[in-house]
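Modelling step: build the complete structure from the supplied sequences, incorporating the hints.
Protein chains: 2
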Amino acid sequence: MAHESAGMVIILGDGLGDRPEADLDGLTPAEAANTPNLDRLAAEGISGMMDPIRPGVPAGSDTAHLSILGYDPYQTYTGRGPFEALGIGMEVRRGDICFRCNFATVDDQFNVVDRRAGRIDSGTHELAQALDGMKVGDVTCVFKESVEHRAALILRGPDLGPAVGDADPHEEGARVLAVEGSDAAGERTAQAVNDFVCRSHEILEDHPVNEARRKAGKPPANIVLPRGAGVAPHLESFEDKYGFTGACIVEVGLIKGLGRYLEMEVVDVPGATGSRETDEGALADAVLAALGRHPFVLCNMKAPDLSGHDGNPKAKAEDIEKLDRLVQRVVEGLREPACLAVTGDHSTPCSVQDHSGDPVPIVMWGPGVRTDAVKAFGERPAQTGGLGRIRGHDVMSILTSLTARQEKFGA
Amino acid sequence: MAHESAGMVIILGDGLGDRPEADLDGLTPAEAANTPNLDRLAAEGISGMMDPIRPGVPAGSDTAHLSILGYDPYQTYTGRGPFEALGIGMEVRRGDICFRCNFATVDDQFNVVDRRAGRIDSGTHELAQALDGMKVGDVTCVFKESVEHRAALILRGPDLGPAVGDADPHEEGARVLAVEGSDAAGERTAQAVNDFVCRSHEILEDHPVNEARRKAGKPPANIVLPRGAGVAPHLESFEDKYGFTGACIVEVGLIKGLGRYLEMEVVDVPGATGSRETDEGALADAVLAALGRHPFVLCNMKAPDLSGHDGNPKAKAEDIEKLDRLVQRVVEGLREPACLAVTGDHSTPCSVQDHSGDPVPIVMWGPGVRTDAVKAFGERPAQTGGLGRIRGHDVMSILTSLTARQEKFGA
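Protein sequence lines correspond, in order, to chains A and B.
Going by my numbering, 232 is the number at position 230 of the first sequence; the sequence numbering is gapless.
Going by my numbering, 278 is the number at position 276 of the second sequence; the sequence numbering is gapless.
Derived from the structure by calculation, the hints contain no laboratory data.
Take these hints with a grain of salt, some might be off.
Intra- or inter-copy, both count: the list cannot distinguish identical chains.
Claimed, not checked - Distance condition first, Cα-Cα at most 30 Å in a straight line; then the derived DSSO-like pairs of lysine-lysine:
#1 LYS146 <-> LYS217
#2 LYS316 <-> LYS146
#3 LYS410 <-> LYS146
#4 LYS220 <-> LYS146
#5 LYS316 <-> LYS377
#6 LYS410 <-> LYS316
In structure tokens, the structure reads:
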């Protein structure tokens, strides 16, 4: 019996992997958490360790998801800009040059007084509207605010390239940088960036939002500082790549943007807040519903990454217990056979408070899966598992092989 | 003590890897089989899991053998044609453009009535002889029948290339396709293919074999439809690659053809039928004899793949017991030290009845091999082995390292 109708689900606890913690008696959060459902999957399935990119390389959320979805980030990833723009719902076209931006405060000599304009948290929509659509030469500037002081800029025009530096000097007291390009397309782009930065200051300096901020004693958001240029890559759509469709049940804008760019169905789930209080049941139900429409579903729950960045191992263990309930609801709700892979997109150890290059435990479960002796979910149990050490790039290959969706290579 | 005189033997159970089977109490065929000799090798040697190509990729027999012999199939494999031709004993020269073909039935308007000419099973040798040696311009057509309606075509001539489509429309009722090339060499080749196809119809239409078929109410094999063009790749010979010679003790035409193409000694073993009744003792004796002539011997016993394709786990366990006897006879007959690797070229799970992307258990045994705690041969014992998870491409490297035949990379 081949399982050609079996669905495929990847469930990621964002930043799930961790290191031993003294506060958890030397266990990792995943080892310390009470996870009867993940343990059941480990006992009935096959475990291993997964390097999102390759051993020791700390993955970003975007590169990790690209890799786990089977795209080589070294081939496709030029900078965070495009995914940042996608993440806040901007329409990104292949060839667009995209930047992450900050609203910042500068003085009259273009010295940066506050890189985050006092962590401005309102009025940025109006400020962004004043800049969106600006033309500099034959380049169109598409601009949109994100949360707080963050925003994204798209430069759209002929012969642009991503080989440009940052306008953001990355420290306060320093002068805004005149951007330079390192090739011909980069030079054209740098000129457009510099024009955009100057014009942003002219337009924002006396904008009513900033007048009000000055009156309230707050630093004005009187300039935009782009950084992290990237060109929107020529990625095959998910369906073109695999011959079947997929859905993303994810909480973070960056990953939603990636899903949209791959032309997957990106579902907005009420209650999925991307916070530690997110509704894991709603996420699970969205996974189950999407499985009725697509053979493949990717789900990412953000919470463990937040606790990892906060350096709070007990909170992270609770987040992983939340993931366990999400998995339980998916497994118990399956109406057709499905192969599941549960893992993380990367490690965010509490002791590091940032992404690390440690591999992440992975468990695969479903019809046809070879088993092993592992009975529990977590880093050290998974290290002894039958999957051995695989890479993010292998996950889709293994799932599509298990569900008989792959062509033989050769005869 | 380095073992520079030690021989190297790779013994493959074709399609050996499998998945847990309810009919075998949840064991795989390799786990369920009574294999005292393979178990001894596991106890005395080192075990692991081997992905013929890479994790999750279902390998063909040709690409798997290429990879296990140390050739990168992604670099060398352009299509099945060349190996298909080699497999039926045709002499393939570097640069030849090779096609898989069907004898088919067409009507007067070149519409395909039967893509397999009623699965013709006799007379194809005579039909092939009527086409073999045809000249179209400065291109020579070498043509030979395979089993049933299958055949292979080689185009040999100047400036040909594999960038051509199929003449076979792959569905009945459709018209035979006029082949087009997608580059200059492809266009030259396309012209030769189209001429060959037209001439095949003229020559075969009234051939005595077809007159007889019509009288018997069978569809005539009145055209040849080529597909799957590939160029015979520029593979280094085995000896040029490694600096020592090797022999192939294999049963299947495709792999014999590969061995010949690599200029290895390809031994025809009486009693090696390629069926489940093959004489494993004769295969073992041929391995031992070849070891007297070459430092390296590759042996492949086809049987487990047949039972896998048949979906018969008990038969497959018996086939692996046959492999165990083959290994016993080799180990007991060794006159010089040798390093053995016993594995499969790929998995053919009984539940899939086709090749899958699951890794295959591998055991390596011989002087200098580090050992591990594994005491039995099979998927799940091997998952815990000291080799970890390796790739087909690693096997020759490890064997040549164990036998001190490799130059240091660096100083």
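Now for the hints, and whether the structure bears them out:
1. Within a single copy, LYS146 and LYS217 get their C-alpha atoms as close as 25 Å, which meets the 30 Å cut-off; across copies the closest is 78 Å, which misses it.
2. For the identical chains of this complex, LYS316 and LYS146 are neighbours neither inside a copy (37 Å) nor across copies (64 Å), given an alpha-carbon limit of 30 Å.
3. In the homo-oligomer, the alpha carbons of LYS410 and LYS146 lie at most 30 Å apart only across protomers (25 Å), although the nearest pairing inside one protomer, at 45 Å, exceeds that limit.
4. Within a single copy, LYS220 and LYS146 get their C-alpha atoms as close as 22 Å, which meets the 30 Å cut-off; across copies the closest is 71 Å, which misses it.
5. Taking identical chains as interchangeable, the C-alpha atoms of LYS316 and LYS377 lie at most 30 Å apart whether they share a chain (22 Å) or sit on different chains (29 Å).
6. In this assembly of identical chains, LYS410 and LYS316 lie within 30 Å of each other by CA distance solely across copies; the values are 25 Å between and 46 Å within a copy.
Checked against the numbered hints above, the structure violates only hint 2.
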